[in-house]
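2 protein chains.
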Amino acid sequence: MKALAGFRELYPEETLRRSVILSTWRRVAKTYGFEEYDGPTLEPLELYSKKNAGGEEILGQLYRFEDGGGRQVALRPEMTPSLARMAAAREKHYRKPMKWFAIGNFFRFERQQRGRLREFIQLNCDLLGDVDPAADAELVAFAIDAMRAFGLRAEDFVVRVSHRGAWASFLKGKGISDAQIPMVLQIADKLERDAPEVLEEKLKAVGLSLSELKDFIHGAPPPELHAVIENLTSRGLGDFVEVDLSIVRGLAYYTGLVFEVFDRSKSLRALAGGGRYDGLVSGLSEGAVDLPAVGFGMGDVVLGNFIAEVPHAEALMQDRLAEARASDVYVIVADEARRPEALKVVQKLRDSGLTTDFGFSSSKVGKQFQAAEQAHAKFAVVIGSEWPAVKVKVMATRAESEVPHGELAEWLKNQQV
Amino acid sequence: MKALAGFRELYPEETLRRSVILSTWRRVAKTYGFEEYDGPTLEPLELYSKKNAGGEEILGQLYRFEDGGGRQVALRPEMTPSLARMAAAREKHYRKPMKWFAIGNFFRFERQQRGRLREFIQLNCDLLGDVDPAADAELVAFAIDAMRAFGLRAEDFVVRVSHRGAWASFLKGKGISDAQIPMVLQIADKLERDAPEVLEEKLKAVGLSLSELKDFIHGAPPPELHAVIENLTSRGLGDFVEVDLSIVRGLAYYTGLVFEVFDRSKSLRALAGGGRYDGLVSGLSEGAVDLPAVGFGMGDVVLGNFIAEVPHAEALMQDRLAEARASDVYVIVADEARRPEALKVVQKLRDSGLTTDFGFSSSKVGKQFQAAEQAHAKFAVVIGSEWPAVKVKVMATRAESEVPHGELAEWLKNQQV
Chain A
1 MKALAGFREL YPEETLRRSV ILSTWRRVAK TYGFEEYDGP TLEPLELYSK KNAGGEEILG
61 QLYRFEDGGG RQVALRPEMT PSLARMAAAR EKHYRKPMKW FAIGNFFRFE RQQRGRLREF
121 IQLNCDLLGD VDPAADAELV AFAIDAMRAF GLRAEDFVVR VSHRGAWASF LKGKGISDAQ
181 IPMVLQIADK LERDAPEVLE EKLKAVGLSL SELKDFIHGA PPPELHAVIE NLTSRGLGDF
241 VEVDLSIVRG LAYYTGLVFE VFDRSKSLRA LAGGGRYDGL VSGLSEGAVD LPAVGFGMGD
301 VVLGNFIAEV PHAEALMQDR LAEARASDVY VIVADEARRP EALKVVQKLR DSGLTTDFGF
361 SSSKVGKQFQ AAEQAHAKFA VVIGSEWPAV KVKVMATRAE SEVPHGELAE WLKNQQV
Chain B
1 MKALAGFREL YPEETLRRSV ILSTWRRVAK TYGFEEYDGP TLEPLELYSK KNAGGEEILG
61 QLYRFEDGGG RQVALRPEMT PSLARMAAAR EKHYRKPMKW FAIGNFFRFE RQQRGRLREF
121 IQLNCDLLGD VDPAADAELV AFAIDAMRAF GLRAEDFVVR VSHRGAWASF LKGKGISDAQ
181 IPMVLQIADK LERDAPEVLE EKLKAVGLSL SELKDFIHGA PPPELHAVIE NLTSRGLGDF
241 VEVDLSIVRG LAYYTGLVFE VFDRSKSLRA LAGGGRYDGL VSGLSEGAVD LPAVGFGMGD
301 VVLGNFIAEV PHAEALMQDR LAEARASDVY VIVADEARRP EALKVVQKLR DSGLTTDFGF
361 SSSKVGKQFQ AAEQAHAKFA VVIGSEWPAV KVKVMATRAE SEVPHGELAE WLKNQQV
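Those sequence lines, one after another, are chains A and B.
One point on numbering: in this note's numbering, the residue at position 27 of the first sequence is 27, and numbering is uninterrupted.
One point on numbering: in this note's numbering, the residue at position 386 of the second sequence is 386, and numbering is uninterrupted.
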């Protein structure tokens, strides 16, 4: 029997790699003062109605069913609707801006391809209750630092920023009605995928030409983006950002800044994406709560693939994996009659926070030393004829010492290995 | 719109509490040399067929449905079947014993009551490929230390150990056939819930009396448990363990040691439970892989409730929460013209790993100091007329210093606050 297609079985090596990614994200979030939250994995289906959810595409990919109580439910395909509901319900309890992040698993029933799975982990990061472009900049800076924390550099990736407001101004200037704007944005979103004739045909229906659209995209950066670019430049992050108006984002709820993170070689999918969604919380709460917001999501799968492709990022990852794998002590029972004492020592070392392993049954000392090496232990502690002292061997140098067992934990902690 | 009944919305305060629980579990697992793995949240329904899964009760509580591709699937109600499949597929790659743990979310559609949710987090810990009672003891020791790590003591909780093998010997001695044993164990599992008349009636059907059952339960500890008790006593953990043969565990797949962790006052449900299941991997792999195993699960909900009820454990939790909430620096912009320099300083502090926050738009210095306090910042860094130096204020003592901005990160890291 196998796991379902598109679902991962994460063995320890793979889980360790994922742990490094998740703990790095958490570390960066902490330095930014973002607080972690979480929502249910299973939600009422209506939470993902057209009004709230990101778009038609996501609705078609929902894992949906009727639960044992006759409720229509869905596995969450994204975090934002749950966040918007939670924020609307209790926003009065929190100082603004609310800086919140979540790391959770999400589900989409989609065709399988590289970097796409049906269950994946995503970092979701949102800043609520502030309309200042400085809030946009703070969020983009977090996205940049969430990549830099893996050793990724400006030569490796870029944040492409665009603005829905700038698009709206341009389109209104061309006589496009508010009602038609979403449709034109849908067309613009497919600019690199659809053939020019198809695009031209579609645009004609609203009285636009492809060259008008391209002129706008390749024109001067719109004033709506000046403040955010300036802010990021002051932070020294200017090299990581480019204005690219071809970015419109598929999701329906964006209202201002939108951005995507790409690798410079463009060989992979977007590594992260987000934007400002000032109307979503209001919509979800039926106008009861007006809470402007800006957020982004970053998946673990594409990022993991990207790190593996960039030698200096992968080298850093390998260092962190080696550090995470390292163990402090392997206890060797040289005299089986001393096993009770060995168990006492093991317990004491673990109590003091030292990673400690040992063999459960009698075996040759040489074999136990082998096991100590395989466990990546820094020290072997031999329990035998020296009792009540023990023999300590530094695995890397083979240097030996004799230490009274009562002082062992303290002694080991004072060693620099 | 609300979340589904039985599903949690975890706001930052609650998530922080959960983070302390999960990181504590991971820390203890690390000291024991257990490695983390993970499996899919959604699994083929047949993985939970009667043969593999824990029992009828769990099967009746499955969230099951047909996915978009016509596959019968289920949200995982427990980890063990996924683990057994994963272990069977790759056990040749790993040295024995395999010491694996997972922390994941699980789903059961059950009646709501205290400490029971429909989605919950569970620590699952398993030791595979070793039949020695020392392996059983290592696992029970981990369960004990996973509780002690929260400041819980022998006066607060106890591990009740029992043994399916001892039950089988006793029942065979009474002439009960192998085929009837599971049924008798089901009756024994309900000993405290069913009325004596009901029990007596049920037992009569297999030729047993209630007093025979009770004599066995209250009799001498069976030899099958001697080695594990002795081992735990050598570790100094004897006070945390009691033989209690009334523990049989509902799950069908157990074959040897079984145990449950209870609070001493017995006001709560079991805090954790597990046992040896030597036939499960073989069954799942249709005999291809014979991998004896022992494991346990511990949920976050009951444990969280328990910690809150035990004053010394809750005090430790509060210390850890305060530590996790603490922030290093709040940057105050005293001169709005210096905002670009302030942004540069913020970025530099975060780059050096210091938790740093600041306000996005112009506001009075007094208000910014207030925000620094609310952010639990240890230092306020004031960017103003002193530039290129900055004013640093220790929030707790109000002590002030002037520091060149280029030396700030280093200077702050050298302070002991």
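The set of hints was computed from the structure by calculation and includes no laboratory data.
Hints should not be assumed to be uniformly reliable.
For chains that are exact copies, the list does not tell them apart, and a pair is met inside one copy or across any two.
Okay, derived cross-link-like pairs now, DSBU-like style, lysine-lysine, Cα gap no bigger than 35 Å in a straight line [as the list claims (entries may be wrong)]:
{"#": "1", "residue 1": "Lys367", "residue 2": "Lys92"}
{"#": "2", "residue 1": "Lys96", "residue 2": "Lys378"}
{"#": "3", "residue 1": "Lys30", "residue 2": "Lys413"}
{"#": "4", "residue 1": "Lys30", "residue 2": "Lys348"}
Here is what the structure says about each hint:
1. When the C-alpha separation of Lys367 and Lys92 is checked against a cutoff of 35 Å, the pair qualifies only between copies, where the shortest distance is 19 Å, while the shortest distance within a copy is 63 Å.
2. Taking the closest pair of Cα atoms, Lys96 and Lys378 come within 35 Å of each other only across two copies (20 Å); inside a single copy the shortest separation is 48 Å, beyond that limit.
3. Taking the shortest alpha-carbon separations for Lys30 and Lys413, both the intra-copy value of 28 Å and the inter-copy value of 16 Å come in at or below 35 Å.
4. For the homomeric pair Lys30 and Lys348, the shortest alpha-carbon distances inside one copy (33 Å) and between copies (15 Å) are both at most 35 Å.
Of the numbered hints stated above, none is contradicted by the structure.
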